[in-house]
Amino acid sequence: MVQLLRVRRELQGLDQDRDRRGPGATVQRHPAHRHGREVPVVNDRSTRNPTIAAVIGILLIALALLLVLRLDRLPFVSGGGRELSAEFSDSSGLERGDRVEVAGVNVGEVQDVVMGRAHVIVRFTIDPAIRLGSTTTASIRVGNLLGSKFVEIVPQGTGALASGAIPVARTTPAYDIVTAFGELTDTVEQIDTDQLGTALDTIATTFEGSSEDVHAAIRGLSQITRTIASRDEEVGMLLGRSQTLTASLDGSKADLTHLVVQANALLAEVDRRRDALRGLVIHSRQLSEELRGLVKDNQKQIGPALDELEQVTELLAERQDQLGDTVHAVAKFARVFSNTIGSGPWFDSTIGNGPNNLELGPKP
Numbered sequence: 001m002v003q004l005l006r007v008r009r010e011l012q013g014l015d016q017d018r019d020r021r022g023p024g025a026t027v028q029r030h031p032a033h034r035h036g037r038e039v040p041v042v043n044d045r046s047t048r049n050p051t052i053a054a055v056i057g058i059l060l061i062a063l064a065l066l067l068v069l070r071l072d073r074l075p076f077v078s079g080g081g082r083e084l085s086a087e088f089s090d091s092s093g094l095e096r097g098d099r100v101e102v103a104g105v106n107v108g109e110v111q112d113v114v115m116g117r118a119h120v121i122v123r124f125t126i127d128p129a130i131r132l133g134s135t136t137t138a139s140i141r142v143g144n145l146l147g148s149k150f151v152e153i154v155p156q157g158t159g160a161l162a163s164g165a166i167p168v169a170r171t172t173p174a175y176d177i178v179t180a181f182g183e184l185t186d187t188v189e190q191i192d193t194d195q196l197g198t199a200l201d202t203i204a205t206t207f208e209g210s211s212e213d214v215h216a217a218i219r220g221l222s223q224i225t226r227t228i229a230s231r232d233e234e235v236g237m238l239l240g241r242s243q244t245l246t247a248s249l250d251g252s253k254a255d256l257t258h259l260v261v262q263a264n265a266l267l268a269e270v271d272r273r274r275d276a277l278r279g280l281v282i283h284s285r286q287l288s289e290e291l292r293g294l295v296k297d298n299q300k301q302i303g304p305a306l307d308e309l310e311q312v313t314e315l316l317a318e319r320q321d322q323l324g325d326t327v328h329a330v331a332k333f334a335r336v337f338s339n340t341i342g343s344g345p346w347f348d349s350t351i352g353n354g355p356n357n358l359e360l361g362p363k364p
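Residues in the sequence shown are numbered consecutively from 1, following this note's numbering.
The set of hints was computed from the structure by calculation and includes no laboratory data. Nothing false has been slipped in among the hints.
Simulated restraints, written as ranges between beta carbons of each label pair: (1) Thr227 <-> Ala254: 36 to 44 Å; (2) Gln286 <-> Leu67: 55 to 63 Å; (3) Asp201 <-> Ala160: 57 to 65 Å; (4) Ser89 <-> Asn264: 30 to 38 Å; (5) Ala254 <-> Glu234: 29 to 37 Å; (6) Ala118 <-> Ala276: 50 to 58 Å.
Remember, predicted model here, so these are calculated numbers, not experimental data. For glycine and all other residues, C-beta sits at the position ideal for the given N, C-alpha and C.
Please model the entire structure based on the sequences and the hints provided.
Following this line, the structure appears as structure tokens:
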């Protein structure tokens, strides 16, 4: 204990000496022997630098912000899905968050849609348990009437998908029916039907020396062209109405959206009450079985009771006139009886043809 106190006092003396020399001074503790033990030289210069600490803190904060902003890209956060990519000639309105399906089952989602040099690159995740062959294909499909899209993956081939990417040669963009109708209308409107008819007539004249089968085919083709040329106005009207129809459908997109949303709400409500409807059906079936069993068990008693009830109704039908007379007589009696006792707590009645000296009341 005495030795420890002496060492502590010496250390305190060295600290006081360092304070007198200044914050940057170096204190040399010379080797000394304390009961056969050597005390090493200690350099007490502080190595802490505020600038370095600030730089490290800023870098750590920036790294934390970067992790927060790109958190969804981390494999252990996004659910461990396998990251793949596919090259498309057209994005077809595909957006981030759209689903990825294999054989109609949702197995992942689109992570990003970016523009490459000559095509669109779609990055997506997929369930690692799904094996994709070397000739796997991808296509963009239309999900519903609202025009939502999804990526359909078709696993094909042997081996594994090279580099985790599907080239543009094995991808198919979505088919937009509104755009297709518009392009068809514009293309057909540019056809010169008269010139087309003349060209086909020229072909028919050229093939006059051919066999009879060729002549029949050419004649049929010529008749088709003449029919189209003669009904140029009707064909133009049809195409115009088709264009009007597509424009109307495009203008009614909001109404169609509202209709689909309401239908989804209705289906959701039916699905929510599915258990109640199932319980109602089950209980109704149980009730019918109970009633059937009740009738079966009491059939011997119910049969005679129904026979007696039928006899009573037949008797009442036969005595219907007598019952009517009885009810009529009872009605008269009830009216007279009501007049008799209805004046107060006594009987008020008249007896006709009574003697003049008849006295009523108690005897004296």
